[in-house]
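Trainee: What follows is each chain in one-letter form.
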Amino acid sequence: MEHRRTRSPLARARSLGSAKGGVHAWWLERVTAVALVPLTLWLTAALIAGRSRDYAAFIAWLRDPLAALLLVLLLLALFVHLALGLKVVIEDYVHGRAKIPALIAVRLGCVVLCVAGVLATLSVSFGG
Amino acid sequence: MPNTSSRPISPHLQIYRPQLTSVLSFAHRVTGLTLGLYSIALVMLLVAAAAGPRPFSAAQRLMQSLFGEVLLFGGTFCLFLHLCGGIRHLWWDSARGFELGEIYASGWAVVAVSTGLTVAAWLVSLFLVG
Chain A
0 MEHRRTRSPL ARARSLGSAK GGVHAWWLER VTAVALVPLT LWLTAALIAG
50 RSRDYAAFIA WLRDPLAALL LVLLLLALFV HLALGLKVVI EDYVHGRAKI
100 PALIAVRLGC VVLCVAGVLA TLSVSFGG
Chain B
0 MPNTSSRPIS PHLQIYRPQL TSVLSFAHRV TGLTLGLYSI ALVMLLVAAA
50 AGPRPFSAAQ RLMQSLFGEV LLFGGTFCLF LHLCGGIRHL WWDSARGFEL
100 GEIYASGWAV VAVSTGLTVA AWLVSLFLVG
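As given, the protein sequences belong to chains A and B, one line each in that order. To convert, note that position 124 of the first sequence is 123 in numbering that gives the first Met the number 0; the numbers rise steadily by one, no gaps. To convert, note that position 30 of the second sequence is 29 in numbering that gives the first Met the number 0; the numbers rise steadily by one, no gaps.
By construction, these hints were calculated from the structure, which means they are not laboratory data. All of these numbers come straight from a predicted model, not from anything done at the bench. Any given hint could turn out to be false.
Distance windows between CB atoms, simulated [as the list claims (entries may be wrong)]:
no., chain 1, residue 1, chain 2, residue 2, range
1, A, Val71, B, Pro7, 22 to 28 Å
2, A, Pro8, B, Arg53, 55 to 61 Å
3, A, Val36, B, Phe72, 20 to 26 Å
4, A, Ala59, B, His88, 34 to 40 Å
5, B, Leu36, A, Val71, 17 to 23 Å
6, A, Arg106, B, Met62, 26 to 32 Å
Don't be surprised by glycine CBs; every beta carbon is placed ideally from N, CA and C.
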């Protein structure tokens with residue numbers, strides 16, 4: 000094709016639509032990263048402090064509204080961040096036919112895990 | 000994407016000598032992928048807790064076995080390395096810290112702080128909590 004040789008990569012990208020979506024993904028990765036700094040430190044400290052907790056004590060810990068709130072926030076930020084990171088890794092290393100199915104599978108997997116974690120947390124938190 | 004251009008491509012990765020910058024860049028990716036696996040384990044622990052005492056104690060037995068403790072130790076190091084590396088990335092996002100000396104200083108700081116935090120977390124876990 001004629002314009003493939005004569006046009007710069009930038010000129011070709013410009014005619015293929017805007018890059019605004021990329022800025023959103025980049026920004027969301029940073030926002031979730033900032034959120035995960037205190038949240039993962041809290042979870043690590045909480046799991047270490049409760050390493051000898053039995054079932055009843057673990058349930059009691061999850062029933063603390065603050066713990067449930069922080070855990071749900073952590074799960075949301077974690078799986079958004081994980082989905083964005085895995086997307087970039089797949090785009091870098093997976094080519095050909097497997098690429099699109101891999102992208103879809105990873106995104107769906109992150110949604111399933113996030114919802115499962117949030118539902119489990121809430122069912123313990125609200126459980127009678 | 001197939002390389003349709005006839006322009007030369009850059010030399011392949013293996014030709015370069017590993018150095019702190021490239022090793023940490025790669026480690027950030029690998030620890031990110033590893034932490035994805037630990038995220039699955041976290042969800043499984045929560046689901047086990049929601050499912051009842053028997054599934055939970057099975058999960059807890061696995062975590063308290065030697066195999067589980069080794070996995071948790073590795074996970075702690077992955078978490079702290081990715082956390083410190085992530086903070087380094089956020090610092091870079093502010094368009095600071097790109098001089099060669101600063102790059103190496105922040106890189107060694109990431110290695111030192113994440114190692115220190117891992118050791119500290121396990122000392123507290125093993126000797127203070129028990």
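Trainee: For a quick check of understanding: which of the numbered hints are violated here, in increasing order?
Mentor: Hint 1 contradicted; others consistent.
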